[in-house]
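*Asks:* So the chains spell out like this:
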Amino acid sequence: MKIVSTFFMCLFLVSFTNGQERFLTKKGMISFFSETPIENIEAQNNQVLSVVDATSGKMAIAILMKSFMFKKALMQEHFNENYVESDKYPKATFKGDIIDFETITTSERSIAIKGNLTIHGKTKEITIKALTKKTDAVLEMTGDFFINLTDFDVKIPSIVKNNISEKIKVSFRLYHKPYNK
Amino acid sequence: MKKITIYILIIGLLSIFIGYTMYHKPHINVAEKPVDIAITANILFADFSSDETKANTKYLNKIIAVKGKVANVEFNGEKAAISLQTEDDFGSVVCYLVQDEFKKSAEIKEGQEVILKGICTGFLMDVILVKCVVMNSK
Numbered sequence: 183m184k185i186v187s188t189f190f191m192c193l194f195l196v197s198f199t200n201g202q203e204r205f206l207t208k209k210g211m212i213s214f215f216s217e218t219p220i221e222n223i224e225a226q227n228n229q230v231l232s233v234v235d236a237t238s239g240k241m242a243i244a245i246l247m248k249s250f251m252f253k254k255a256l257m258q259e260h261f262n263e264n265y266v267e268s269d270k271y272p273k274a275t276f277k278g279d280i281i282d283f284e285t286i287t288t289s290e291r292s293i294a295i296k297g298n299l300t301i302h303g304k305t306k307e308i309t310i311k312a313l314t315k316k317t318d319a320v321l322e323m324t325g326d327f328f329i330n331l332t333d334f335d336v337k338i339p340s341i342v343k344n345n346i347s348e349k350i351k352v353s354f355r356l357y358h359k360p361y362n363k
Numbered sequence: 016m017k018k019i020t021i022y023i024l025i026i027g028l029l030s031i032f033i034g035y036t037m038y039h040k041p042h043i044n045v046a047e048k049p050v051d052i053a054i055t056a057n058i059l060f061a062d063f064s065s066d067e068t069k070a071n072t073k074y075l076n077k078i079i080a081v082k083g084k085v086a087n088v089e090f091n092g093e094k095a096a097i098s099l100q101t102e103d104d105f106g107s108v109v110c111y112l113v114q115d116e117f118k119k120s121a122e123i124k125e126g127q128e129v130i131l132k133g134i135c136t137g138f139l140m141d142v143i144l145v146k147c148v149v150m151n152s153k
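Protein chains in written order, with our numbering: chain V, 183 to 363; chain P, 16 to 153.
Fair warning: there could be bad hints in the mix.
Just a few of them, taken from the derived set where beta-carbon distance is under 8 Å, the chain P residues facing chain V [said to hold, decoys possible]: (1) Thr36; (2) Met37; (3) His42; (4) Ala70; (5) Lys73; (6) Tyr111; (7) Leu139; (8) Ile143.
If you are wondering where the hints come from, they were derived from the structure by calculation, not from laboratory data.
All figures in this text were calculated on a predicted structure; none of them were measured in a lab.
Where is the CB? At the ideal position from N, CA and C, for every residue including glycine.
Given only the sequences and the hints, what does the whole structure look like? Please build it.
*Replies:* In structure tokens:
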């Protein structure tokens, strides 16, 4: 009898810790912004999938390129067909480690995430800073960083070279919830 | 001589006009577009989870009418996201509705059978459809 109850106790504990182990969001936001004197280009993606493993501090993000919404339909078309070739490379991913994950508390502070960013089939190692805070109900991460189009082999035709910035600002807002499934 | 100037002027104005309308080309209006593929949420999800690459070529950028039972409705401001149940425990088909559908989406309840029409953008944990409109609900 004792063995049985110990067994159930263990099972309960395991399921409990499992529930605390992972944070997930399917509705994160990532946007990018290109600024030139001629025009500004902006697009937003509200279907970002992001998972954080609280025990290892590992983080994985996946986004669909076609889910980026532009103000102008023509820009969206060019982005998908010519620049990121979203039929060939439908996803962008980031896999990385949150440095000093255990130091994240309920008060907001800046932490670093080091990992590999893959866009347009090309991978580059980057370190991102994020404002982070964690409670039992939510793990918030927000921030922005810059990427170079050349790092990801995104070719801009010379005719629109002045309309699109070489450096693109990427912003993110990820509110992860504890994941129990 | 005068004639030529007028011709050039007309051609010039015409090209400016064409360039302008192309630059300001409107976004796809899903409600007005014909359905490319009509399918159930279950089959759509199964296709993606069994062979994603093949499913991508079949469904990406297509106007899809998907039928399924509502698992949940979530609101982000005035934009609703409706998840449709599948036989898989983890995955579903998530449809992000356009803001114009706010009224209709507010009336949709869990467990209800609906047909939603939208553009498929791919597969993460769920199959994702954007710019969705409600086709019918009973």
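*Asks:* Which of the listed hints are not met by the structure?
*Replies:* Hints 1, 4, 5 contradicted; others consistent.
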